[in-house]
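Colleague: With the hints as constraints, model all of the structure from the sequences given.
Same order as they appear, the protein sequences are chains A and B. Going by my numbering, the first residue of the first sequence is number 416, and it counts up by one from there. Going by my numbering, the first residue of the second sequence is number 1071, and it counts up by one from there.
Think of the hints as simulated: they come from the structure by calculation, not from any bench. Any given hint might turn out to be false.
[Claimed, not checked] Chain A stretches covered by chain B per the calculated footprint, using a threshold of three residues with CB under 8 Å from any CB of chain B:
hint	segment
1	441-455
2	461-470
3	473-479
4	522-536
[Stated by the list, open to error] Here are some of the chain A residues that sit facing chain B, going by a computed Cβ distance under 7 Å:
hint	residue
5	539
6	542
7	545
Glycine is no exception: its CB is placed at the ideal position from the N, C-alpha and C atoms.
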Amino acid sequence: MLPLRLCLRREPAVDGSGALVTLRIPSDVECIEGAVDLVTRHCFAGHSTSPHTRFRLQVVLSEALANAIVRGNREDDAKWVHLRAELQDDVIRVYVTDEGPGFDPHAVPEPIRPERVDGPGGRGLFLIHQLVDAVHFNDQGNCICMTLRRP
Amino acid sequence: MGFQETKDPSGVAVVRVDGQLIVGNRQELKDLAQQMVDRGERKILIDFARTGYIDSSGLGALVSISKKIREVGGELRLSGLNEDLRSLFELTKLDTLFEIAETPAQALASF
Chain A
416 MLPLRLCLRR EPAVDGSGAL VTLRIPSDVE CIEGAVDLVT RHCFAGHSTS PHTRFRLQVV
476 LSEALANAIV RGNREDDAKW VHLRAELQDD VIRVYVTDEG PGFDPHAVPE PIRPERVDGP
536 GGRGLFLIHQ LVDAVHFNDQ GNCICMTLRR P
Chain B
1071 MGFQETKDPS GVAVVRVDGQ LIVGNRQELK DLAQQMVDRG ERKILIDFAR TGYIDSSGLG
1131 ALVSISKKIR EVGGELRLSG LNEDLRSLFE LTKLDTLFEI AETPAQALAS F
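Modeller: Right under this line is the structure:
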């Protein structure tokens, strides 16, 4: 395992409600697990939570970071992935932005169609949609915003 | 994080997934499964009782492994999926593709 080069900042939100966590992640899939652990710990620090919500956050963070590193930045070590998490009492909102050209999220076919169920890939974005309460992309398609309500 | 391989007295090769099964280590599991098939293993159980979470790359790796094992006339079983892990298989309809048992013992008995 490579040493992690993660630099996380946590500060109060500008409007005084909750906290803001920012993290810059190298385009290296070996960094994903450490980044997921770090961000998950910050998202639930000081909050009671259910193991199910923690699991959902871990999976969608892993998916979004993998998409950003592999598909967005094409594992180019000159590029970074930028994560921003807005932590409020009732909601966690995570933005993951890569430095790639972006993609059209509407063009990704559903992986649960009978002819695609046994395919090797294409489940990541589908899982994110299933596991969080809301998903949005920016116009360029290189930034995903995932919203998870706290139980 | 890692994969522990053992051989059950019944002849089934068992792989335990410790930690996560994600994009960073899925190739390692695929390589391990290929080695097992190459040396003649035809009954393989993958146990997730000590697994934290799986991402879509990990699910895709399991699909590939399942196909490889079927191609040589072998059988694959999965076990030890908790409620959260199992939900990933159900959401993606992969529960229809795999033989999933509650426990390793039940999986071993099903070969």
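Colleague: Each of the hints needs a verdict: does it hold here or not?
Modeller: Hint by hint, here is what the structure shows:
Residue count for the segment 441-455 of chain A with a Cβ under 8 Å from a Cβ of chain B: 4. That meets the three needed, and the coverage hint holds. Note: the segment 461-470 of chain A has 3 residues with beta-carbon separation from chain B under 8 Å; the three-residue rule is met and the coverage holds. Counting residues of the segment 473-479 of chain A whose beta carbon lies closer than 8 Å to any beta carbon of chain B gives 4, which meets the minimum of three for the stated coverage. Given a C-beta distance limit of less than 8 Å, the hint that chain B covers the segment 522-536 of chain A holds, as 7 residues qualify and 3 suffice.
Interface hint at residue 539 of chain A: satisfied, since its Cβ lies 4 Å from the closest Cβ of chain B, which is below the 7 Å cut-off. Look at residue 542 of chain A: its Cβ gets to within about 6 Å of chain B, closer than 7 Å, so that hint holds up. Using the Cβ-Cβ criterion of 7 Å, the hint placing residue 545 of chain A at the interface with chain B is satisfied: the shortest such distance is roughly 5 Å.
When each numbered hint is compared with the structure, no violation occurs for any of them.
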